[in-house]
Amino acid sequence: MENSETLNQEFNELKEKYDSLIQKVNNLEVENSHRENSVKQMENSFEVINNNIKELMEKIDSIIEDKETSKMFSSVRRSNSSIMNMITMPMRKATVNTMRAIFSVADFASEKVATARENLEDIVAEAQYENKKRRSSMITSEQG
Numbered sequence: 098m099e100n101s102e103t104l105n106q107e108f109n110e111l112k113e114k115y116d117s118l119i120q121k122v123n124n125l126e127v128e129n130s131h132r133e134n135s136v137k138q139m140e141n142s143f144e145v146i147n148n149n150i151k152e153l154m155e156k157i158d159s160i161i162e163d164k165e166t167s168k169m170f171s172s173v174r175r176s177n178s179s180i181m182n183m184i185t186m187p188m189r190k191a192t193v194n195t196m197r198a199i200f201s202v203a204d205f206a207s208e209k210v211a212t213a214r215e216n217l218e219d220i221v222a223e224a225q226y227e228n229k230k231r232r233s234s235m236i237t238s239e240q241g
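Counting the sequence shown from 1 gives a position; our numbering is that position plus 97.
In short, the hints are calculated from the structure, not lab data. Glycine included, each C-beta is placed from N, C-alpha and C at the ideal position. Please note that a few of the clues may not be correct.
Below are the SDA-like pairs computed for lysine to any residue, each with C-alpha atoms no more than 25 Å apart in a straight line [to be verified]: (1) K112 - E102; (2) K137 - N124; (3) K151 - M139; (4) K112 - V122; (5) K229 - R214; (6) K190 - D204; (7) K209 - A222; (8) K121 - N134; (9) K137 - K151; (10) K190 - F200; (11) K137 - V122; (12) K229 - L217; (13) K229 - N216; (14) K121 - H131; (15) K190 - S201; (16) K137 - N123; (17) K164 - E152; (18) K137 - N148; (19) K230 - N216; (20) K121 - L111; (21) K190 - V202; (22) K156 - V145; (23) K190 - A203; (24) K209 - E223; (25) K137 - V127; (26) K230 - E215; (27) K114 - S101.
Label pairs and their in silico Cβ distance ranges [claimed, not checked]: (28) T166 - D204: 48 to 56 Å; (29) K230 - A191: 56 to 64 Å; (30) I146 - F200: 56 to 64 Å; (31) I199 - R231: 44 to 52 Å; (32) M188 - I146: 53 to 61 Å; (33) K121 - E99: 28 to 36 Å; (34) N129 - F108: 27 to 35 Å; (35) L125 - I157: 44 to 52 Å; (36) N228 - A191: 51 to 59 Å.
Input sequences plus hints: build the corresponding full structure.
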């Protein structure tokens, strides 16, 4: 009987180990499928990134081509603008000098107006002081 019990116990232990191994294998298969899905998602993400990079490179190429075209046109414009500069530069210098003179005259005039205002304030203050002094002397003479 002991033999049968030990055999039965060993059988149960082996069955538990087998079940445990089956569970581990199932878990490994699930993990493997998750990894495969993750790898597929990464591949899809890399494809999207590659497409985005391709579009960016195409846009950069078109921008570079546009800049080269605009450089060509700007060199033509520069030659036209240099003729305009030859005509407008003397007029610009004269305009700048005229504006400088106008601002200088305006500054000088504002300084003179400020000085005149200060002098007028001094005169008014002095007149008020003299008037107050005269009144106070009149009041003291009447009281005395």
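Status of the hints after comparison with the structure:
no.: 1; hint: K112 - E102; result: 15 Å, holds
no.: 2; hint: K137 - N124; result: 20 Å, holds
no.: 3; hint: K151 - M139; result: 18 Å, holds
no.: 4; hint: K112 - V122; result: 15 Å, holds
no.: 5; hint: K229 - R214; result: 22 Å, holds
no.: 6; hint: K190 - D204; result: 21 Å, holds
no.: 7; hint: K209 - A222; result: 20 Å, holds
no.: 8; hint: K121 - N134; result: 20 Å, holds
no.: 9; hint: K137 - K151; result: 21 Å, holds
no.: 10; hint: K190 - F200; result: 15 Å, holds
no.: 11; hint: K137 - V122; result: 22 Å, holds
no.: 12; hint: K229 - L217; result: 18 Å, holds
no.: 13; hint: K229 - N216; result: 20 Å, holds
no.: 14; hint: K121 - H131; result: 15 Å, holds
no.: 15; hint: K190 - S201; result: 16 Å, holds
no.: 16; hint: K137 - N123; result: 21 Å, holds
no.: 17; hint: K164 - E152; result: 18 Å, holds
no.: 18; hint: K137 - N148; result: 16 Å, holds
no.: 19; hint: K230 - N216; result: 21 Å, holds
no.: 20; hint: K121 - L111; result: 15 Å, holds
no.: 21; hint: K190 - V202; result: 18 Å, holds
no.: 22; hint: K156 - V145; result: 16 Å, holds
no.: 23; hint: K190 - A203; result: 20 Å, holds
no.: 24; hint: K209 - E223; result: 21 Å, holds
no.: 25; hint: K137 - V127; result: 15 Å, holds
no.: 26; hint: K230 - E215; result: 22 Å, holds
no.: 27; hint: K114 - S101; result: 20 Å, holds
no.: 28; hint: T166 - D204: 48 to 56 Å; result: 49 Å, holds
no.: 29; hint: K230 - A191: 56 to 64 Å; result: 58 Å, holds
no.: 30; hint: I146 - F200: 56 to 64 Å; result: 60 Å, holds
no.: 31; hint: I199 - R231: 44 to 52 Å; result: 48 Å, holds
no.: 32; hint: M188 - I146: 53 to 61 Å; result: 57 Å, holds
no.: 33; hint: K121 - E99: 28 to 36 Å; result: 32 Å, holds
no.: 34; hint: N129 - F108: 27 to 35 Å; result: 31 Å, holds
no.: 35; hint: L125 - I157: 44 to 52 Å; result: 46 Å, holds
no.: 36; hint: N228 - A191: 51 to 59 Å; result: 55 Å, holds
The structure fails none of the hints (numbered hints given earlier).
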